[in-house]
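Asker: Taken in sequence, the protein lines are chains Y and W. Read in order, the letters of the first sequence are residues 4 to 433 in my numbering. Read in order, the letters of the second sequence are residues 1186 to 1430 in my numbering.
Note that these hints are calculated values from the structure, not bench results. Keep in mind that this is a model prediction, so the values were computed, not measured. Mixed in with the good hints there might be a few duds.
[What the hints assert, rightly or not] In silico DSS-like cross-links for lysine-lysine, where the CA-CA straight-line distance does not exceed 27 angstroms: (1) Y:K39 / Y:K247; (2) Y:K270 / Y:K255; (3) Y:K247 / Y:K24; (4) W:K1289 / Y:K247; (5) W:K1311 / W:K1209; (6) W:K1411 / Y:K247; (7) Y:K270 / Y:K24; (8) Y:K255 / Y:K117; (9) Y:K270 / Y:K230; (10) Y:K247 / W:K1203; (11) Y:K131 / W:K1272; (12) W:K1280 / W:K1311; (13) Y:K37 / Y:K321; (14) W:K1280 / Y:K70; (15) Y:K117 / W:K1209; (16) W:K1411 / W:K1203; (17) Y:K247 / W:K1272; (18) Y:K117 / W:K1272; (19) Y:K230 / Y:K276; (20) Y:K39 / Y:K25; (21) W:K1272 / Y:K70.
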Amino acid sequence: MKDTPLSNCERDFLLKAIEEKKRLDGRQTYDYRKIKITFGTDYGCCFVDLGKTRVMAQVSCELVAPKENRPNEGVMFFNIELSPMASPAFEQGRQSELSVKLNRQLERCFRNSKCIDTESLCVVSGEKVWQIRVDVHMLNHDGNLMDAASVAAITALCHFRRPDVGIQGDEVTVYSPEERDPIPLSVYHMPISVSFSFFQQGTYLLVDPCEREERVMDGLLMIAMNKHREICSIQSSGGIMLLKEQVMRCSKIASVKVSEITALISKALENDKKARKEGGKFGFAESMPQERITALKKDETSVEMSDVSEKADEIIQKAEVPHQTVPSPVVPVAGVGQIGEDLQHTWGLDDEDDDEEEEHKEDSDEEQDEKNMDVEHEKEIRGCVVEISDSEEEEVIILQAEKPGKTPIKTGSDSHQKGAAAASRKRPNK
Amino acid sequence: MAGLELLSDQGYRLDGRKASELRKVQARMGVFAQADGSAYLEQGNTKALAVVYGPHEIRGSRSRALHDRAVINCQYSMATFSTAERKRRPHGDRKSTEMSLHLKQTFEAAVMTQLFPRSQIDIYVKILQSDGGNYSVCVNAATLAVIDAGIPMRDYVCACTVGFVDETPLADLCYAEESGRVSSLALALLPRGGQIALLQMDARLHQDHLETLIEAAMTACKGVSKVLDEVVRQHLQEASVLTGE
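Just chain Y, same shape as in the assembly (with noise of 0.2 angstroms):
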């Protein structure tokens, strides 16, 4: 299924706030959406939230044959999955450009950077190393996968153990975790991208673009740094034309984000090591009674509640009194309702969004009101505004000519009421 194109009026809304540095979500050009770093009960499970875009990473390894080429390494496996339950734009089984586009960021950024000791991974030299597979979930897309996808993906390699081997002449024992200690992977550093989006031909940039700013936009420059401000990876896209001070402008805005993000990681890594230290619940147990689960769960906002009555009584007591409008309800023919007063509506109102027992008992019902469609019953109907409060239709609030002898009028002090600027029509009660 292709995604829902964007409506003229929305692309011309979202670019007019962007020309005018606003943003959807009210945040400043250069910020950043929250990020929040959770684990799963394995090691190597890693979950982000970035505001509403969320991708769980899970790195597993397992012993295989090297390459030809490099005997005494590791192999480094990255797979970005675009499910399509994250979007209805990605499809099933094919290899979207979306798709071969993220997956090689990623390759690029962590492979050719070496933030992986990938000759440690060796275990026996031409015969057995460790191959680690990252692969990268992403659950709900609400814009900037890369970015989400690069913290999830380095968190979980720095989070993951593998389990310890031992060699015996020509045997190789791979340890449980009960027999041995698992051994953390040897990172480096840190590679994390950092998105900026450029709307009007590289007039406005944006970091961390959400999904509608990521439609809008003309093109997409991804930086990836680590903390030591060595710049793993670049790549632009998107037919968009760049300035050298645009590119060095986005570079310095990188870096200050990154050693932001590498802060977060490295918290959130320590955080889950004490919480598992202690033996309490962590990973997915501890996230169950917090719903973290749920996709997209309702974060409370924190909202100055100290002095809410004060300040409601100050208010009160300022405010003027609002002048008292009687509206008259206008009736130009029996069964025109109008609302509002300044013009003129004729739209006529008939049964139609009745509840379905009632209708054919209406049916007769609503021949006679036609007939009585008189300009005698006019005067009549403009001094009795009647409300019925146990009808089956509180909701629907209709002026009609009422027929004489039919029904009796309930009148009398809810009549006058203020703001019954449209009258109930009376209805026979079954």
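Chain Y is fixed; fit chain W onto it per the hints.
Answerer: Then chain W, alone, in the frame of chain Y:
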């Protein structure tokens, strides 16, 4: 990777070039009769063929058509005999799909696609021999082919790969340099406005060096553009002599 010294003390590279020296570029335009535009380009030992069809009606699914500009369709392939180890698949793997994507993106930026709404331009590039800088050679060859097809472009798109060794930027890397532990940067430039149509970098490089590297790449691209311009002018001259004008 000890042993290989990419830049000698005297300032010469493996193949005897200076740091900022490009490989020899030789090119011909209009090599095929059937295609709307074609070109053959050699940059050192890397050789590429580029063919352009279009702008023509959208082929295949009509839903791909864009109402305000032309669709650019690129296919990058490497001949099975182009590398030292015979390639199993000429195209279709992740790397070449990515390369096709990058080419498409580069030409979307450079070709004035808004002049041909609801149409399609096909660019097919084939690497005949690979010796480093595949992307840039493809871009350069494709530029000539697009010019040969008479499709208006904003400017020449020139591409070049640049490496960084011993605090010195090396222009136009060959395979031996590329496969060594060099951080390389590929850049496609529209030389007149200094606009970057594509920027891609692998491997680690300190942020402070980025500017010098981009600067070197831009200079190299401008050098390439001069050569391409010469080729185009010569081709035009030959063509006008043949038509007797």
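Asker: None of the hints should be skipped; say for each whether it holds.
Answerer: Structure-based check of each hint:
{"no.": "1", "hint": "Y:K39 / Y:K247", "result": "violated (33 angstroms)"}
{"no.": "2", "hint": "Y:K270 / Y:K255", "result": "holds (24 angstroms)"}
{"no.": "3", "hint": "Y:K247 / Y:K24", "result": "holds (23 angstroms)"}
{"no.": "4", "hint": "W:K1289 / Y:K247", "result": "holds (21 angstroms)"}
{"no.": "5", "hint": "W:K1311 / W:K1209", "result": "holds (19 angstroms)"}
{"no.": "6", "hint": "W:K1411 / Y:K247", "result": "holds (21 angstroms)"}
{"no.": "7", "hint": "Y:K270 / Y:K24", "result": "violated (32 angstroms)"}
{"no.": "8", "hint": "Y:K255 / Y:K117", "result": "holds (22 angstroms)"}
{"no.": "9", "hint": "Y:K270 / Y:K230", "result": "holds (14 angstroms)"}
{"no.": "10", "hint": "Y:K247 / W:K1203", "result": "holds (25 angstroms)"}
{"no.": "11", "hint": "Y:K131 / W:K1272", "result": "holds (25 angstroms)"}
{"no.": "12", "hint": "W:K1280 / W:K1311", "result": "holds (14 angstroms)"}
{"no.": "13", "hint": "Y:K37 / Y:K321", "result": "violated (39 angstroms)"}
{"no.": "14", "hint": "W:K1280 / Y:K70", "result": "holds (18 angstroms)"}
{"no.": "15", "hint": "Y:K117 / W:K1209", "result": "violated (33 angstroms)"}
{"no.": "16", "hint": "W:K1411 / W:K1203", "result": "holds (19 angstroms)"}
{"no.": "17", "hint": "Y:K247 / W:K1272", "result": "violated (37 angstroms)"}
{"no.": "18", "hint": "Y:K117 / W:K1272", "result": "holds (25 angstroms)"}
{"no.": "19", "hint": "Y:K230 / Y:K276", "result": "holds (22 angstroms)"}
{"no.": "20", "hint": "Y:K39 / Y:K25", "result": "holds (24 angstroms)"}
{"no.": "21", "hint": "W:K1272 / Y:K70", "result": "holds (16 angstroms)"}
The structure shown violates the earlier hints numbered 1, 7, 13, 15 and 17.
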